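A.B. asks: Line order of the protein sequences matches chains A and B. With numbering that gives the first Met the number 0 as the guide, the letters of the first sequence map in order to residues 0 to 457. With numbering that gives the first Met the number 0 as the guide, the letters of the second sequence map in order to residues 0 to 117.
Hints were generated in silico from the structure; no laboratory data involved. What you are looking at is a predicted structure, and each value in this text was computed from that prediction instead of being measured. Each hint should be verified, as a subset may be incorrect.
Which bits of chain B does chain A cover? Going by a derived footprint, with three or more residues having C-beta under 8 Å, they are [claimed, not checked]: (1) 9-19; (2) 38-48; (3) 66-72; (4) 75-83; (5) 96-110.
We put the beta carbon where it would ideally sit given N, CA and C, even for glycine.
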Amino acid sequence: MDNAPAGSVRILTPSGMLGAGWDESTIERGLALGVDVITLDGGSTDSGPYYLGSSTPKTAAQAVARDLRSLLKAAARADVPLIIGSCGTSGTDSGVDWVAGLAAGVMAEEGLDLKVARIYSEQDAADLKEHLDAGRIHALPPLGELSAETLESCTHVVGMMGHEPIVEALEAGAQVILAGRATDTALAAAYPLLKGMPAGPTWHAAKIVECGGQATTNPRTGGVHTTIDATGFTIEPLDPETACTPRTVAAHMLYETVDPFQMREPDGTLDVRDAVYTALDERTVRVEGSRFHVADQHTVKLEGARITGYETMSFSAIRDPLILRDIDAWADLMRTMIRQWVSGTLGLADDEYAFDLRLYGHDAVLDDLEPESGPPREVGVMLLVDAADQATATAVAKLVNPLMLHLPTPAMGYLPSLAFPTSPAEVERGAAYEFVLNHVVDSPTPTSLFRIEYGVQR
Amino acid sequence: MTDPLTRPTSPTVADLAHEVRSKNAGPFWVTMELFMRDAAGYRVVADEEFINEDVVAGLYGVEASAVRIFRIPSLDVVKISFPRPVSQGSLRDRDVHAGQHHVPLALLRVPEGAPARG
């Protein structure tokens, strides 16, 4: 392992997420092809604000430890860096410590002694307020200007690092990098950039590999092997039966992006409008012509979540066709009755709680956007209640339990009994969160918002 | 297959597509792709008379000015992005990953006279 400039850099990306798992043959195949760095994403905002707001990982510790064992052994064997980002799903400081603790356990069991760097990306509201007051925080659409109150309301705020803090840790000799929140692309881009690869092909390749096998004909078969050089990059799947085609590689620029041609990174903008995708054989693709425009101002994107309230869920189900043929009227009556009972018994005004009544099997998923109609065969009725505290949310859900059990349609002259799937019917969901930041901060330096510590534990 | 006696005979966008999908693009945007089977299908959905910012705004209850449409003939793809109308994970969010919101677009019936299924 060395950091001297090279003619090419080979990246092994076994999967799209730490904890998702892979067949060990994917690693063996990658090592046989030759590898200079192993990179893997450990998180995302995609599963919602809870994971950042509560600083809780989405993945099971056993699954993460299993994947770390495979990765750490491979990195030691090949003597190459291992770079993992957005540790613990949201990339909070405790997420980094959680993954580092699992890595420490694996290394002790396997007798590995690798130099570890932990890069922390959690941001302090008071520090950010200084940036805000100095006019260095800017909104990204569709959000508006940031207020200090919004910043202070967040339970956790992270900054998305670019490649620079990772490069700094590599230059300091780290072989295993466990990063907090990072752009998906920074993980795969850092080592090639350190080794002198051109920015355009490097960032483009990094975007294509960020979801592992997603850019192949069969994403379920494992990851990808990518070689970046002075004029472009070459990519092939690790599974010999799977292919990369110009179409699968080009189409991955569409995945989870607003704009498929230009992507902003902290250091500038990847521009693939002139990229040319060529099949080298039936399963290997060459990409040239990607560009990277360095920005005048380096920026770090912020993510933050706050508690909106506390939720309690109730769930019942309807099979009787006499109710189902009149299901919208039944639901309207339910909403009216809930408001009456809550007002009458709990004395809560409409703005002191909120609820969402969802008719699964009828129109729950799309609600007002549902284009089709017709009587359903059965309907699951979910009542989700939100209030300022858990006790109030649960009181509302319990108060209306008789309605979830017995409410008839307006036309029925008797009380039906509906099908609760569980006892008790109510489930306390705890705090509910929302993302409130979609802003960038003009970073004083590309590394100043992040903290690097060496060693596997604090 | 739809029953020709009870349903309009005009195919849906999904009938002409290899895949229609939707997904979050970060917490504040949703993005959708129409992967069409061939160039003929692409021409149908890339036609601005058929699918445009106003049509998307009507299907999803969003502002037309915020809708971004990318027509990519080299991939036979039309990609559509707009700000997420419901905050992700909030009380009113019924689709945390926005992975089922392609359906209103996929079920659009293509205009009369457009090329038949390829």
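A.B. asks: The structure should be examined with respect to each hint, and the outcome stated for every one.
C.D. replies: Taking the hints in turn, this is what the structure says about them:
1. 9-19: Answer violated; 0 residues pass the 8 Å Cβ test.
2. 38-48: Since three or more residues must qualify, the claim that chain A covers the stretch 38-48 of chain B is violated, with 0 doing so at under 8 Å.
3. 66-72: holds (count 3)
4. 75-83: holds (count 4)
5. 96-110: holds (count 6)
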